[in-house]
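2 protein chains.
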Amino acid sequence: MLPMKSGALSLPRNLLLLAICLPAVTRAQQTSPSPSPTPTLYSQETISGLRKLQQAAFTSDYALRQVAHLCNNIGPRLSGSPQAQKAVEYVAAEMKALGLDVRIEKVMVPHWVRGEETAALLEFPGQAPDTTQKLVLTALGGSVATPANGVTAEVVVVKDFEELQTLPAETVRGNIVVFNHAYDKAMAAQGRGGEAYGDAVAYRSDAPSAAARMGAVAALIRSVGSADYRLPHTGQTKYSEDAPKIPAGALAAEDAELVGNLAAQGKLRMRLVLTPQQFADVESFNVVADLKGSTDPEQVVIVSGHLDSWDLGTGAIDDAAGVAVSMETLNLVKKAGLRPRRTLRMIAWMNEENGLRGGTTYAQDHKTEMPNHFAAIETDGGAGHPVGMNLKAKPEVKTWLGPIAKVLQSSGAGLLNLVEHTGADVSPMEEFGVPTFHPMQDSRFYFEYHHTAADTFDKIDPHHLQENAAVVAVMAYGLANLEQALPR
Amino acid sequence: MLPMKSGALSLPRNLLLLAICLPAVTRAQQTSPSPSPTPTLYSQETISGLRKLQQAAFTSDYALRQVAHLCNNIGPRLSGSPQAQKAVEYVAAEMKALGLDVRIEKVMVPHWVRGEETAALLEFPGQAPDTTQKLVLTALGGSVATPANGVTAEVVVVKDFEELQTLPAETVRGNIVVFNHAYDKAMAAQGRGGEAYGDAVAYRSDAPSAAARMGAVAALIRSVGSADYRLPHTGQTKYSEDAPKIPAGALAAEDAELVGNLAAQGKLRMRLVLTPQQFADVESFNVVADLKGSTDPEQVVIVSGHLDSWDLGTGAIDDAAGVAVSMETLNLVKKAGLRPRRTLRMIAWMNEENGLRGGTTYAQDHKTEMPNHFAAIETDGGAGHPVGMNLKAKPEVKTWLGPIAKVLQSSGAGLLNLVEHTGADVSPMEEFGVPTFHPMQDSRFYFEYHHTAADTFDKIDPHHLQENAAVVAVMAYGLANLEQALPR
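Those sequence lines, one after another, are chains V and F.
Residues in the first sequence are numbered consecutively from 528, following my numbering.
Residues in the second sequence are numbered consecutively from 528, following my numbering.
Next up, chain V with everything else stripped away, as it sits in the complex (with noise of 0.2 Å):
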C-alpha cells in the first residue's frame, strides 16, 4: 500500500450525509448539480442481486481459501521472484476454473533482491568490554548495498528533516544518520492510521537522499508501523537525482530508541551491513480475468487488488486480501448465476509495492478504452472491518450510489466517503477520469503488520474478510448494473 492522507475512518459527518441521501436518492438529486436526473437507478432484480451477493458472501470460504493459498503455499511474492511469477500462474488459473476470460498482460518489473542484513553498535557509553549491541532492521527496498563487510562509521541521531538541517556539514560527512522520527501511534489508535502512515513515510521515501547531500555514508529511519515487537518494517525508499545513492535500512522501533538514547550520552559507531542487489527489470504480469457484460459488455468494473507483496512476510493483509475478495466478487456472482450489464473484471495487479508498473503499464495498454472504464475498486488495505467505501467521484456519485450503500448498510458498511486518494494502482485510470474506489476499513491494526515479516495468513479474520467481499461484490455489481452512466 502506498501513502494515503485521507484518513479511513471519519464517520459523524458521513454517516449524518448518508441519512439525508439514502431514503430520498430523487430528493437528493433536486439540490445536486447532477445534468440528468434519471428516474431508475437500479432495477428491482439489481436490487435483489445485491442482497444475494450480500447474503452468499458471508458463507463463502473462497477468499479465505485463496489467502492462505497465496501466503502459505506460495509465499512472499515480491516482484521479479519465483513466487509472484507462480501467483501469477495459480490466480489465472483459478479465474479459469471459475469460466472466465482470463489473459496475463505482460508488465516489466524491477527485480530487487533482499541480501544480509545485519547492523551493531561497536562502540557506545559503558558497554561491557568485547561487546557490542545488535540492532534490528531491514534495507528499504530498492536500497544500494554497502560492502559485503559493510561500512562503520560513526552515529548520528536527528529526530526529523529539521534537525537535521540544523547539523554543520561536518557533523553528517562520513557518517550514518538515524533518523528516529515516530510513527503516530495515538493518531493510529484512532483509526487514523492512514494520516500517521502519511507523515512518517516521508522518511522511509526521502530521508535517505536527504543524508546523503549532507555527506552521509548510509541512513536509517524509525521503522514506519506502529508494533512494538522488534518488528522492522520495510518499504520502497526513493532516491533523489541530486543526491548519491547512499544504503538505506529502517530500524525496529526499539533499536531506534536505544540509539537515540546512547547517543544523547556519548560516541556511537556502528557497523552496518546490507547486501541486496538491484538486477535488470523482469518480465512479470497483471492477470485480468473477465466476467463478459449481458448487455454492455465493452463496458468494465474493475474489482482488484495487488498481487505481489513484500518479501519479508508472506503478504497476508498487503495484499493476499485484496486480491482474494476482488476473485471472491466473481466467483460469487458466477455461482449466484448473475450476470452483470457490464463486464465485471478482476486484476491482480503487479508491482505495486516497488513501482506501480503494473497500474501504470495497464493504463498506458487500455487508455483508448478508459471511457469505457465504467468504475475502478481496488482493495489494498487489509481485510479489517469495513463501514463503507471510499471514492474518489464526483461528489454527485455519492447520491447515485445511495441505493447500494443502504443494502451494504445492513451489514454495517453503507458509508460513502469522498477522498483524495482510493487505490494506487487504480490512480493511474483517475487521469482519464475513471471514478475509483477502495473499501473504508478498520485501520487500527493494520499498520502494526504492514511490510514486517509477521504481515502472514493468520493475521486474516474470517469473518471480516467475508465482510469486505461483501462491500466489493456489491459495490462492483451494483455499478456494473446501474441503469445510468455516472457522471464524471
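Bear in mind the hints are in silico, worked out from the structure with no lab data behind them.
These figures come from a predicted structure and were not determined experimentally.
Positions of the beta carbon are idealized from the N, C-alpha and C atoms, including for glycine.
Example chain F residues on the side facing chain V (calculated, C-beta under 10 Å, incomplete):
no., residue
1, H596
2, N600
3, A779
4, L785
5, G840
6, A980
7, D982
8, K986
Since the structure of chain V is already known, use the hints to place chain F on it.
Then chain F, alone, in the frame of chain V:
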C-alpha cells in the same frame, strides 16, 4: 522467570479477606491458629516510615535509571557473558555508592552461547520452483547444535505429547518433530498469564526428549508466549537422561501455524541450522548489598531480582526491573534516613534463566544463617501494575502483614495472596522455612515480550515501575521492623 502455576491475579476473594483482616488484626488473630498473639506488630514510627517510603517511591527515577543502564548501556546479560560480568560490577558499584556493605559471592554458572539459527521449508505443497519458505525460530537455551550446515529431514507435526505417543516409531524416526501446542492467550487475557505459561512451558522443557526417545533428529516447539509478531521466545530446555540430546528450537507462532497448515496438505522437508555452543562452567557472582539493621543486624530481609537475562532482548522486564526495584528499596530507605531494625539485603541473583545457580548456591553457602533469614522478596514478573504481594508462608502471616497491606492499599496494592510459588531464586530458602514474597502484578502483557528480542527498555512503564518499587520497599521495611518474629 520460571514456570508459575499460580495465577498472578485473582482478586475478588482476596479483596474480601482483606476487608475482614485489615481493620482488625487482633480480632482476626482470635480466629487464627497463631500461637502467640502480640499486642504490637509495628511501631507508629515504622508505619510512618512505610508511608514516607511509599511516597518517595512515586517521585524517584532511580529504579528507571537502573533499568535503562542495564538494558541500554550493558545489554543482554546471559550467564557467562561479558555483559553479565559488567552488570555484576555495575550493580556492586552503584550499591557501594549508596554507602552499603557490598560483596560479590561466587557462583559457577553454565556458559551457553547462541549461534546461527535458521530454518526453511525446502519442500512443501504448492511451492514455486526454486523457492523455500523461511521459518523464524530461535534455539532453546541449552540446545545442542546441528552440524554447521544443518540437518535436513522430513517434518512431523503434532499438537501435543499425546498425539506424539499415537504415532508409530517409523513415522518419527529420522525426522524433525514440531509441537504446535499454543499458549492459551484467552487465559492470559484474563490475567492468568502464569497459568497459561505453566501449561505451554512443559513443551519447552520436555518436548525435545520426548521426540528424541522416538528417534527424532530435532524438535521444535511453538513459542511459549502470547505475541503474534513473528517473534520467537527462547527459554531453557531440559534434556532427560534417558534420551539422546537433539537440537531444540522455538518457532514463532506464525511459523508453527504455517508448518501445521502445510503438513496437513502433504510432505514437508526442512533444513534446520542451530549452532549454539556449550562451554565449561565459568565463575560469576551474586551481588549482595547490606543496609545493616540497628538492633538485629544478624536478621536479614532480602529484596531481590535476577541480574542475568536471556540474550535475544536486553532483559528489561525479565529481570532488570526486579533488580532495579530491589536497588531502589535500599536507595529509598537510605535517602529517607531510615534505619531498619533488621538488615535489609539487596541481592542481584545470577543465572536464574538457565540454571538457578545463584539461588541454589546462596541457600547452600548461607544455610547456617537461614534461621536468621527473616523473609525474602523477589521481583521477577516484570513491572506491570502491582495489586499486592504474593506470599509463601504460614497462612497466619497474612494477618500479621495487615498493617503493611493497609499502607499499600492506598495505592491499590494492598492484596495479600497465599501461593505455592513466589520467586525462583528465593525458592531454595523455602525448605529452611524462610517466608518468601513476590509482588502480585498485572501479567496480561508480560508473556508477549518474555524471553524475546522485544524485552527491551521501552517496555517499562515508568509509573508502574515506581508502583512496584513502592510495594517492595514498603513490604521490606515493614518486615525489617516487625516487632515480633513471623510464624514459620
